[in-house]
Amino acid sequence: MNMNSNTNNPNQGGFDQFGNNSFSIKEKQIESINRMLSLKASDSISSSKPGWQDVWKILIFDTYCSSIISPILTKGALRNQGITLYLPLHSDRQPIQDAPAIYFVLPTLDNIKRIAEDCKNKLYDNIYLNFASKLPNNLMEELATLTIQSDSVSMISKLYEQFLNFVTLEKDLFTLNFPKESYLQFNDPTIKDSQAQENIDSVVDSLFSVLVTMSVIPIIRCPKNGAAEMIATQLEKKISQHLLQSGVGNLFSNEMGSQLSSFYRPVLIILDRNIDLSVMLHHPWTYQALAHDILNMSNNRVKVDVTNDNVTKKVTYDLDSTSDYFWSANTGAPFFNVAGEVKNLIKDYTDSMEKLKQLTDVNVDLDSDDLSKVNENKSIGLGDLVSSTKEKKRLMDLHTNLATDLMKNIRDRQIDCFFTMEEAIITRTMFDKKELNSLITSPVVGEAGGKGTLEDKLRLLLIYYLSTKNIPTNEMETYEDALTKMGLDLTCLQYFKKTKAFNESLLAIVNQPSTSTKGASSTTTSTSTTASGFMSMLTGYQPNIETFASFFSQGVRSLLPKSKDLFVTRVVESIMDLKNTLDADYLYMDPKIQNKSNVPRRTTPFKEAIVFTVGGGNYVEYQNLQDYSKKSNKKIIYGTTELLTSKDFLAQIKTLKDHTN
Amino acid sequence: MKVYSIGIFKVTPGGKPVLLSIVYELSSFGFFQRGSVKEVSLFVSRETVGRTGVNERVSMEHTQTQKVCHTTVDSKGLGCTVLTDSEYPGRVAHSLIRLALDEFNKVHNESVWRAINTDTELPTPALEQLILKYQNPHEADPMMNLQKNLDETITIVKKTVEQLGQRGEKLEDIASKSDDLSFQSKAFMQNAERMNKCCGYV
Chain A
1 MNMNSNTNNP
11 NQGGFDQFGN
21 NSFSIKEKQI
31 ESINRMLSLK
41 ASDSISSSKP
51 GWQDVWKILI
61 FDTYCSSIIS
71 PILTKGALRN
81 QGITLYLPLH
91 SDRQPIQDAP
101 AIYFVLPTLD
111 NIKRIAEDCK
121 NKLYDNIYLN
131 FASKLPNNLM
141 EELATLTIQS
151 DSVSMISKLY
161 EQFLNFVTLE
171 KDLFTLNFPK
181 ESYLQFNDPT
191 IKDSQAQENI
201 DSVVDSLFSV
211 LVTMSVIPII
221 RCPKNGAAEM
231 IATQLEKKIS
241 QHLLQSGVGN
251 LFSNEMGSQL
261 SSFYRPVLII
271 LDRNIDLSVM
281 LHHPWTYQAL
291 AHDILNMSNN
301 RVKVDVTNDN
311 VTKKVTYDLD
321 STSDYFWSAN
331 TGAPFFNVAG
341 EVKNLIKDYT
351 DSMEKLKQLT
361 DVNVDLDSDD
371 LSKVNENKSI
381 GLGDLVSSTK
391 EKKRLMDLHT
401 NLATDLMKNI
411 RDRQIDCFFT
421 MEEAIITRTM
431 FDKKELNSLI
441 TSPVVGEAGG
451 KGTLEDKLRL
461 LLIYYLSTKN
471 IPTNEMETYE
481 DALTKMGLDL
491 TCLQYFKKTK
501 AFNESLLAIV
511 NQPSTSTKGA
521 SSTTTSTSTT
531 ASGFMSMLTG
541 YQPNIETFAS
551 FFSQGVRSLL
561 PKSKDLFVTR
571 VVESIMDLKN
581 TLDADYLYMD
591 PKIQNKSNVP
601 RRTTPFKEAI
611 VFTVGGGNYV
621 EYQNLQDYSK
631 KSNKKIIYGT
641 TELLTSKDFL
651 AQIKTLKDHT
661 N
Chain B
1 MKVYSIGIFK
11 VTPGGKPVLL
21 SIVYELSSFG
31 FFQRGSVKEV
41 SLFVSRETVG
51 RTGVNERVSM
61 EHTQTQKVCH
71 TTVDSKGLGC
81 TVLTDSEYPG
91 RVAHSLIRLA
101 LDEFNKVHNE
111 SVWRAINTDT
121 ELPTPALEQL
131 ILKYQNPHEA
141 DPMMNLQKNL
151 DETITIVKKT
161 VEQLGQRGEK
171 LEDIASKSDD
181 LSFQSKAFMQ
191 NAERMNKCCG
201 YV
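So the sequences go chain by chain: A and B. 1 is the number of the first residue of the first sequence in the UniProt record's numbering; add one for each residue after it. 1 is the number of the first residue of the second sequence in the UniProt record's numbering; add one for each residue after it.
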């Protein structure tokens with residue numbers, strides 16, 4: 001069996017050349033892009049060593065494709081593929097002779113027009129067109145028409161449809177960045193049918209691309225009645241039809257054959273954002289999530305306030321898990337730990353500098369006979385030491401600045417207090433009501449006794465509202481009055497009030513009142529098992545609230561990190577471990593089975609999952625899933641339509657409320 | 001004024017009504033809410049028709065959501081439900097029911113549907129046309145005003161949701177036993193009833 005992973009082979013069904021299953025979407029997308037970029041080489045007649053003239057290529061991209069490439073391929077990596085120049089599509093470009101141009105763009109009319117113009121102006125000798133997703137027929141015809149008119153069809157050497165319309169940020173994190181304002185788009189009651197269908201189509205298309213790139217055909221599970229079900233059903237159909245039409249040569253096939261891949265079939269869990277909204281408002285406490293929520297990290301890039309000699313300027317940093325070992329080790333670390341780790345990083349650097357000083361020190365006894373030998377010994381490893389020290393300095397600067405900026409914000413806004421309170425509320429542990437009151441009704445940061453910005457207070461209040469079953473009216477009024485007096489617009493709260501009936505349905509199960517179930521001997525067993533299943537899911541492993549409360553007193557709060565699975569994580573666990581709690585409400589689809597009326601169920605728990613939330617997601621949810629996957633030794637990839645900060649999410653809620661009036 | 005669904009059921013005394021055919025018109029609901037609305041519509045239709053006596057005409061209103069379920073069961077045990085909003089004239093709804101039953105019987109033989117014991121969809125294109133036509137009760141039934149006088153002898157039993165239950169059943173209990181509703185919908189109905197804010201999003 002040929003296990004070499006050379007560029008001409010399609011994806012190896014998730015296996016690397018050693019037969020190890022690497023469930024990494026980042027790796028797979030990089031592979032696909034590299035294959036796309038090296039196309040010229042496979043064309044050339046000379047096989048083993050392309051002459052240096054053949055290698056140099058130009059890459060032309062649009063904004064979306066630039067956001068695909070930048071988080072996963074560094075400039076160095078592009079250079080390794082022979083790309084010496086990369087330019088945006090919609091910019092003025094000079095003609096360059098003797099160089100092939102590789103275009104990597106979305107199939108849109110504007111892009112097609114610009115490509116045709118480039119051809120007309122004969123900017124490059126050979127053009128290789130790569131569209132990130134399927135090129136619709138009408139656009140293909142448009143391109144043909146325009147290029148024929150200018151008699152430049154011959155410039156286009158090849159046209160490819162790639163399956164790359166998604167953005168990978170980590171080896172287990174991806175986002176679509178589309179549709180914009182996805183929570184609004186998938187929950188707006190006033191949305192036009194055609195627009196809603198368009199949104200569904202594009203999400204299905206991107207998910208299809210993700211699966212093709214990873215070369216997996218998963219089992220699909222989704223809750224009933226919502227956008228998730230519509231997307232899941234349409235996706236399953238698309239895969240099913242494709243398998244039927246393409247047979248053996250389908251996009252998912254691999255060299256290993258299908259026997260092994262069925263062993264590793266993952267589950268794709270598509271969820272509606274609505275099953276857990278409080279996570280979108282939760283103040284984070286881990287390094288990466290903080291960088292996102294506080295400093296608006298986007299596409300792994302963040303702008304940090306750096307103060308030197310009383311001058312503050314903004315510095316942009318790229319955060320790359322592959323090249324930054326500190327980042328990679330600490331993305332999920334609680335912030336207090338990070339501060340400690342940064343100190344270690346600084347110490348590491350100073351040690352390194354010391355060593356360097358010693359080696360380059362010219363304080364040598366000139367009278368010594370062993371002069372040459374001394375110099376020799378000292379210069380061994382010097383080059384490596386210099387470059388690694390340089391790297392250490394770079395990381396040290398980066399993380400010191402980043403952590404300092406985060407620290408400043410955390411301290412000013414007292415984010416740790418908000419985080420702790422929210423966590424207690426969400427995990428239903430005891431918390432101090434007075435503290436809650438204080439956090440919400442105290443003045444804003446900047447004033448005497450100020451705690452948090454208005455937005456921080458709103459987030460806490462909303463989480464409290466969403467997570468608590470019966471809040472006394474006067475209590476809510478106290479909070480609302482206090483916030484309104486401070487100038488806060490409570491539209492978002494109005495929206496959640498309206499939809500609370502829906503969300504409360506989950507809470508109702510936790511606090512089963514004994515009266516309604518006592519006399520109802522007619523309650524079927526299936527209802528009670530699902531009820532208790534939900535209960536255990538929501539409260540972790542303490543199904544009885546009374547016993548739970550008895551273990552904790554007001555003052556004692558565990559400082560040790562304990563399992564704090566968020567709701568989505570519990571759902572994922574339930575599905576992966578094949579617990580039947582959700583069967584009544586979650587569909588089970590298998591695109592490989594053509595006879596839909598008789599779908600055999602999986603009998604062994606899933607070891608791998610792709611979890612996708614429709615309508616937005618964030619790093620808090622991502623981190624929670626990663627913590628669970630490490631704990632349970634499973635592999636979980638998290639994806640969403642958009643990674644949203646609380647601010648973005650609240651803005652969408654506000655618009656949504658305006659639409660529902 | 002809207003008609004949301006027309007459903008045909010086989011009703012057997014003491015048994016659960018079997019769905020034979022159903023059409024929906026839910027464009028007035030948000031695109032992503034229609035799935036849940038369908039579920040609740042089917043549930044309400046089935047439970048109401050199952051508790052309707054033979055040759056009885058019932059118009060059951062749920063005051064909080066301002067929706068009405070009109071039902072009838074003919075002597076053969078064929079039941080029909082029409083869901084409308086509360087503005088829609090009840091008499092027109094019942095004449096629509098009569099028409100729907102006629103159309104169904106034209107296309108499907110009694111022996112066919114008698115034998116069916118699980119939910120199916122016996123295609124009845126005429127129902128699709130009827131639901132669209134009857135969105136405007138005045139246009140669809142120009143005799144409406146005339147009928148009003150003639151129909152005074154025909155009584156329509158108006159019920160409320162509370163009366164739906166037999167032997168002291170509450171709506172919550174009915175909902176929890178129903179297979180039509182997903183777990184989430186059941187819990188939602190339980191809770192929403194308690195809070196008197198049912199279907200606020202609808």
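Incorrect hints may have been included.
Said to hold, decoys possible - Reference listing, derived: stretches of chain A covered by chain B, where coverage requires no fewer than 3 residues with Cβ under 8 angstroms from a Cβ of chain B: (1) 181-189; (2) 239-249.
Said to hold, decoys possible - Each computed DSBU-like pair below joins lysine-lysine, with the alpha-carbon atoms no more than 35 angstroms apart: (3) A:Lys-158 with A:Lys-433; (4) A:Lys-237 with B:Lys-158; (5) A:Lys-596 with B:Lys-158; (6) A:Lys-497 with B:Lys-106; (7) A:Lys-408 with A:Lys-238; (8) A:Lys-434 with A:Lys-408.
Stated by the list, open to error - The calculated label-pair distances, taken between Cβ atoms and stated as ranges, are: (9) B:Val-54 with A:Asp-577: 47 to 57 angstroms; (10) B:Asn-117 with A:Ser-632: 55 to 65 angstroms; (11) A:Lys-497 with B:Gln-66: 18 to 28 angstroms; (12) A:Thr-468 with B:Pro-13: 41 to 51 angstroms; (13) A:Gln-494 with B:Gln-64: 15 to 25 angstroms.
Calculated from the structure, these hints are not laboratory results. None of the values given here were measured: they were computed from a predicted structure. C-beta: ideal position from N, C-alpha, C; glycine also.
Results of checking the hints against the structure:
1. 181-189: holds (count 4)
2. 239-249: Since three or more residues must qualify, the claim that chain B covers the region 239-249 of chain A is violated, with 0 doing so at under 8 angstroms.
3. A:Lys-158 with A:Lys-433: Not satisfied, since the Cα-Cα distance of roughly 66 angstroms exceeds 35 angstroms.
4. A:Lys-237 with B:Lys-158: Not satisfied, since the Cα-Cα distance of roughly 45 angstroms exceeds 35 angstroms.
5. A:Lys-596 with B:Lys-158: violated (43 angstroms)
6. A:Lys-497 with B:Lys-106: With Cα atoms ~49 angstroms apart, Lys-497 of chain A and Lys-106 of chain B exceed 35 angstroms; violated.
7. A:Lys-408 with A:Lys-238: Violated - the C-alpha atoms of Lys-238 of chain A and Lys-408 of chain A are around 49 angstroms apart, more than 35 angstroms.
8. A:Lys-434 with A:Lys-408: Holds, because 26 angstroms separates the two Cα atoms, which is no more than 35 angstroms.
9. B:Val-54 with A:Asp-577: 47 to 57 angstroms: Given a distance of about 50 angstroms, which is inside 47 to 57 angstroms, the answer is holds.
10. B:Asn-117 with A:Ser-632: 55 to 65 angstroms: Because 44 angstroms falls outside the window, the suggested range is violated.
11. A:Lys-497 with B:Gln-66: 18 to 28 angstroms: For Lys-497 of chain A and Gln-66 of chain B the Cβ distance comes to about 20 angstroms; the hint holds.
12. A:Thr-468 with B:Pro-13: 41 to 51 angstroms: holds (46 angstroms)
13. A:Gln-494 with B:Gln-64: 15 to 25 angstroms: holds (19 angstroms)
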